[in-house]
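Knowing the structure of chain A, use the given hints to seat chain B on it.
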Amino acid sequence: MRLRKLTLRHFRNVGFAALEFSGRQHFLVGANGHGKTSLLEAAGFITALRSFRTSEQKQLVMLAQHTAAISCAVEHEQQGDTQLTIKLRHGDKELWCDQTRVTRLADHLGKFPTVVFSSQDLQLVRGSPAGRRRWLDLTLAAMDAGYFRALQTFTRALAERNALLKSGRPADQELAAFEQTLAPAAATLIELRRSGLQVLAKSLEASYAKLCDGAEPAGVGYDPNFEEADADALLARLEAGRARDVQFRTTLVGPHRDDFHFTVKHTAAKEFGSEGQQRSLVLALRLAQAAWFHAKSGVRPVLLCDDVLGELDPARRRRFWSAIDHESQVIATGTSLPATAGQPDGELGTWQVFRVADGDFAEEVAAAEAPA
Amino acid sequence: MTPAFDKLQQHLKQLPGLGYRSSERIALHLLVEKPARLPALVVALEEAARSVRRCACCGNLAEGEHCAICADERRDRSVVCVVEQVPDLVAIERSASFRGAYHVLHGKLSPIHGVGPDDLNLAALRARVESGEIAELILALSNDVEGEATCHYLTEHLPGGRPVKVTRIGFGLPSGGGVLYADSVTLKSALDSRRVYS
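Protein chains in written order, with the working numbering: chain A, 197 to 568; chain B, 37 to 234.
By construction, these hints were calculated from the structure, which means they are not laboratory data. Note that the Cβ used here is the ideal one computed from N, Cα and C, for glycine as well. One thing to keep in mind: the hints can contain errors.
[What the hints assert, rightly or not] Computed footprint of chain A on chain B, listed as stretches where at least three residues anywhere in the stretch have a Cβ under 8 Å from a Cβ of chain A:
{"#": "1", "region": "79-86"}
{"#": "2", "region": "140-153"}
{"#": "3", "region": "203-212"}
{"#": "4", "region": "219-228"}
[To be verified] Computed beta-carbon distance windows for the label pairs:
{"#": "5", "chain 1": "A", "residue 1": "Glu401", "chain 2": "B", "residue 2": "Ser131", "range": "55 to 63 Å"}
{"#": "6", "chain 1": "A", "residue 1": "Glu559", "chain 2": "B", "residue 2": "Ser211", "range": "49 to 57 Å"}
{"#": "7", "chain 1": "B", "residue 1": "Ala171", "chain 2": "A", "residue 2": "Gly327", "range": "50 to 58 Å"}
This is chain A alone, in the form it adopts within the complex:
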């Protein structure tokens, strides 16, 4: 998939911008706070109608404005040339695909894959399990309608069961009624998370080896809260745990408490990994995500690199570029063109450069140097 045109209106701090992308590699350069990340955020928004920076949709609409709009022309391997338009109002979003309104997220999810590399990604290694679960859910649900359906059912059934536990008057039969729908959905999630993470782990290992020149083995491992992907076993466990659940007023067992961990040289990267190892791990994870999207859908995701490369040493930067798929479109940002910092990389070919200032994006016609 390639983005050919991207138009923003009243999106964050960008009043209006219309960019035409040519070629495969695009670099947005400018000082902080001028709209580079907002543009990547808009490009990433088309995948799941979610921002990688915030869950508060209000923040996406420019101050003192009512509506924001993202519009893009996409060159798509399967659907040909497609026009996507997203309108954001406070608390409401509308998606139009070639003049047809799309009302169900399930019909759209995963068709237009993008992968964001952001400095916030470090939180995937260091942060709380909730962030990792969110990443895993988005990655798996985007490519598997069955996973998405199970996740929706599970989330709803869990919310109902927890509401019942909080009400202080939970009858066993009522808890049982919701467990009946909760357990099969939970078993599906456990099974698909396990098999999905196995594939992602292999791919991460390969990417990490490329980033670090094969010096050390890396991996991810699944830590399920309930081991068995079996609805009957979970039903029995939920039934046995009811008294405790009532006491704690919440459901204590299930995939909503799953986690996964990163390892480098077979030790936990969260506790023992160096800064550089952790950074390489999240880059490798994002590369694995991109490979997963491509393998599952046959569509090459657009890679959106938000100022991540500035933090890497030149050797790793070079290895990062050689690790990515050379057919994928890349839109990267940075405060300066790395080339001017004295590290041009001849292998990269030509970049299309946009200078960003005050929400204004100007294409630099003469730019032929390559950022590394």
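Positioned in the frame of chain A, the structure of chain B alone reads:
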């Protein structure tokens, strides 16, 4: 505008489906544009409030002890279709494809919205099953988490000793619709509930 007008608008706005603008429009219509309609509306409201109640047997709207369907001798009372709300019953009636009786639960289990088994019209259903008049229960509740939980709760709590066949309505493609435009969830349930073609 005026205190009395504002009060009327406030009351209208609390009705389901009415917002600020539509309640204002209705209030203006009744008081200024077509005041002649008002007395008839007031009478109709009072009369309905006096006479409309729940059918003692099935929970449908009734003016006497029983609703028109329960009172109809030609209906097959041994097959009972369980629905969430009265409009669901009306929709099935409009299809003219069902000649049995109904049971309206007036909701579905949803702890999030504070709806428990005591809020549903379940006791009357149990009494009907106990009386032995029911041979088949058709569960025509929505197929979301709450609808499924209600179906499960309901079947687990039927009185024992009475063999009742419990069925669930099918979920699949809309009539006259093609496979192409159906969403993936609908297609899955349509495939799951496929049947032998003969």
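- Query: With a Cβ-Cβ cutoff of 8 Å, does the region 79-86 of chain B contain at least three residues near chain A?
  - Reply: violated (count 0)
- Take the C-beta atom of glutamate 401 of chain A and the C-beta atom of serine 131 of chain B, compute their distance, and say whether it sits inside 55 to 63 Å. Since glutamate 401 of chain A and serine 131 of chain B have Cβ atoms about 58 Å apart, the given range 55 to 63 Å holds.
- Task: Can you let me know if the beta-carbon spacing of glutamate 559 of chain A and serine 211 of chain B is within 49 to 57 Å?
- Result: With a Cβ separation near 54 Å, glutamate 559 of chain A and serine 211 of chain B satisfy 49 to 57 Å, so the hint holds.
- Would you say the region 219-228 of chain B counts as covered by chain A, given the rule of at least 3 residues with C-beta under 8 Å? holds (count 4)
- Message: Cut-off 8 Å, C-beta pairs, minimum 3 residues; does the coverage of the region 140-153 of chain B by chain A stand?
- Response: holds (count 7)
- Quick one: see if chain A covers the region 203-212 of chain B, three-plus residues with Cβ-Cβ under 8 Å. violated (count 0)
- Task: Please test the hint of 50 to 58 Å on the beta carbon pair from alanine 171 of chain B and glycine 327 of chain A.
- Result: Holds, at about 54 Å.
Against the hints set out earlier in the document, violations occur for numbers 1, 3.
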